[in-house]
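Engineer: In case you want the letters, here they are:
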Amino acid sequence: NAGVMQNPRHLVRRRGQEARLRCSPMKGHSHVYWYRQLPEEGLKFMVYLQKENIIDESGMPKERFSAEFPKEGPSILRIQQVVRGDSAAYFCASSLDRGVREQYFGPGTRLTVT
Amino acid sequence: SQQGEEDPQALSIQEGENATMNCSYKTSINNLQWYRQNSGRGLVHLILIRSNEREKHSGRLRVTLDTSKKSSSLLITASRAADTASYFCATDDGEGAQKLVFGQGTRLTINP
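Heads up: the protein sequence lines correspond to chains A and B, in order. Under the numbering used here, the residue at position 91 of the first sequence is numbered 91, and the numbers go up by one with no gaps. The number in the numbering used here is simply the position in the second sequence, starting from 1, with 114 added.
Because the hints were derived from the structure by calculation, they are not lab data. No incorrect hints appear here.
When the alpha-carbon atoms are kept at most 25 Å apart in a straight line, the in silico DSS-like pairs for lysine-lysine are as follows:
hint, chain 1, residue 1, chain 2, residue 2
1, A, Lys51, A, Lys62
2, A, Lys71, A, Lys27
3, A, Lys44, B, Lys140
4, B, Lys140, B, Lys170
5, A, Lys44, B, Lys183
6, B, Lys184, B, Lys140
7, A, Lys44, B, Lys184
8, B, Lys140, B, Lys183
9, B, Lys184, B, Lys170
With the rest of the complex left out, here is chain B:
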């Protein structure tokens, strides 16, 4: 069954604005990761947040994790055209397995 679900499915904003994407999951997790996928390309790892962390920053990225609500958000500040991509959250399955469970992704379009 689907573990992570991103919201919204698609987001279109103007360059320079902030973009916020949300992810919800169902089971207990050890960590949550965000990935970016440019059209037709592989996934690029953006950030990992552990279950005992509430917030993490990396450059223009800010990730929050609320384990009580089983949700995470990815904020991209001062967006650029190059941020246009699909963004996926991925979690472990909560049972100690090594596999990542991905959501459907949010398609982000930055308009110049």
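Chain A extracted, bound-state conformation:
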């Protein structure tokens, strides 16, 4: 049973470009969470999605950031017009069902904005 998959593992973008981060949850998991980690800090919640629904986006910046989890395919975190402050590690996690149970994390995507 494959774990949570994220790609790419490393992404370099110039200021103003778009970044697309992908996450495939564990098999059978229908709940996906995105977190951001700045250097030397803990993870900060961004958004919680179920298939075709955004459940909680309270941690997502209001502008330039969007997330989706379509019926088919991976969850996508999209950052438009990236700025240097967007440089961070972005982690996706999935869980089996509702309730704050164990969340299983992917390896992360390290975004560097130059």
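With chain A's structure known, arrange chain B on it following the hints.
Structural biologist: Leaving out everything else, chain B in the frame of chain A:
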């Protein structure tokens, strides 16, 4: 605002010794989880303790939870070099939301 705060921020011990890390939080919780993160890697789930539990064991790991003090501790016994990592506690936000709220982490270094 920060929910979980780990203490100490960094800990360096000799291989074979026990390592204890503490976590404090602010709101009521349903459960508390501990994760390990090796440098540059994702998080590995270690253990979940529910709010009605006081102690839980998993291999060389022992977690305690004191809801009256809003604190938890993670004890790693007989440490090994491979235990070198950052350790994070994470809680729910106490309001029924699904998100995890993480502390800043404790950086543990095991010296051979």
